[in-house]
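Chains S and Z supply the protein sequences, listed in that same order.
Quick note: the first sequence uses the numbering used here, first residue 422, plus one each step.
Quick note: the second sequence uses the numbering used here, first residue 117, plus one each step.
No lab work stands behind these hints, which were simulated from the structure alone.
Computed from a predicted structure; not experimentally measured.
C-beta: ideal position from N, C-alpha, C; glycine also.
Be a bit skeptical, because a hint or two may be false.
What the hints assert, rightly or not - Cut-off 20 Å, straight-line C-alpha distance, at most; resulting in silico cross-link-like pairs (DMTMM-like, lysine to aspartate or glutamate): (1) S:Lys461 with S:Glu440; (2) S:Lys610 with Z:Glu157; (3) S:Lys610 with Z:Asp143; (4) Z:Lys124 with S:Glu591; (5) S:Lys671 with Z:Asp170; (6) Z:Lys124 with S:Asp661.
Unchecked claim - Output of the computed footprint for chain S on chain Z, the stretches with three or more beta carbons under 8 Å from beta carbons of chain S: (7) 147-154; (8) 168-181.
Unchecked claim - Here are the simulated distance ranges between beta carbons: (9) S:Lys601 with Z:Asn122: 24 to 34 Å; (10) S:Arg466 with Z:Asn122: 34 to 44 Å; (11) S:Thr544 with Z:Asp159: 24 to 34 Å; (12) Z:Met117 with S:Ala485: 45 to 55 Å; (13) S:Pro676 with Z:Lys120: 23 to 33 Å; (14) S:Leu515 with Z:Gly169: 52 to 62 Å; (15) Z:Met117 with S:Pro676: 25 to 35 Å; (16) S:Arg668 with Z:Gly169: 12 to 22 Å; (17) S:Arg663 with Z:Asn141: 15 to 25 Å; (18) S:Ser446 with Z:Gly169: 49 to 59 Å; (19) Z:Arg158 with S:Ser545: 18 to 28 Å; (20) S:Asp500 with Z:Glu126: 40 to 50 Å.
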Amino acid sequence: MRGWGRLTANGMNMDFTDEQITRYSRHILLPEVGGKGQKKIAKSRILIVGAGGLGSPAALYLAAAGVGTIGIIDSDVVDLSNLQRQVIHHTSDLDRSKVRSAKEKIQALNPDVTVVMHEDRLTSRNALELIRGYDLVLDGADNFSTKFLCNDACYFADKPLVHGGILRFEGRVTTIIPRKSACYRCVFKNPPPPGLVASCQEAGVLGVLAGIIGTIQATEALKLVLGVGRPLTDRLLDFDARRTAFREIKTKKNPNCPLCGDHPTITELFDHEPEVCDVKQVKVKVEA
Amino acid sequence: MLVKINGKSEEVQGATVLDLLKAKNIDPHMVAVELNARMLERDHLATTPVKEGDQVEFLFYMGGGR
Ligand SMILES: [Zn+2]
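Here chain S stands alone, though its shape is the one from the complex (with noise of 0.2 Å):
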């Protein structure tokens, strides 16, 4: 193994293990990573909101890069209508807690990472000191009250958010660096009026998307930490699954933003009226 001594020798911190340096190798090998690098992903802290179709593919190559901590915050259980696409639980995890089916998982393919179990809502009680134990947030809730939460909640507590949304055929990411960039507020005030825009179960959405949103959210996440290349700020980067094409649409911090604007109209956390959104409730009809 002479490669590795070379290895070692360029920066390394001797804090990592033999096992570590092969583990993260290929991480170790990029000039932009390094043995520094991967030293700072291993003393970062990430949020993920929501242990759903986003969450699971965030969650595992976050756990794969060797992020030291990740908490993860959902309320729910496994259902098996979310085995079509949240790739973390599996058959044996139904009705299992999904936090708890995340974490051993995530266990299972690096010990390295400590995984904080969140078992609850984010709420406009919790939110600031639960986001204020992390570097950055990943957004995978699955509804607007928590998406303008996260936002209000990452701006009040000056930590980055990626943010993620999919719907039927089409995803969107974009990070907001509070303060500098746009945040979700500047493009889009409030959520919807209930019932206009479908945005779960009723909608139905390709499940793979979840792992290409989530992949880049992922990805975002870890060129923060890295503080390598340009963030995705001040743009929106809408996937359309059906034309495979993407699309980058400019946005800008916007004068007028209630959370961040000039003259801001919201100076504390609260919680939009959740949507109605059960799975329970909705009956798939099947066509012969």
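Given chain S, work out where chain Z with the ligand should sit, using these hints.
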């Protein structure tokens, strides 16, 4: 006139951004609208004129994640 809507050039009729939305059967509450890289207030859609060569983005909400 020719207007770029969501990156695609389209021949459209109508004087205002709201007219464009109506022609496409889009409820204004379902989208955020950007005109030439500037976010429009929803209250201003009816009074904001569209001109030849303008770039309009209709940004639909995308809320899912589960
Ligand atoms: Zn804003």
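For this session: Sort out which numbered hints this structure fails and list those numbers smallest first.
Result: none
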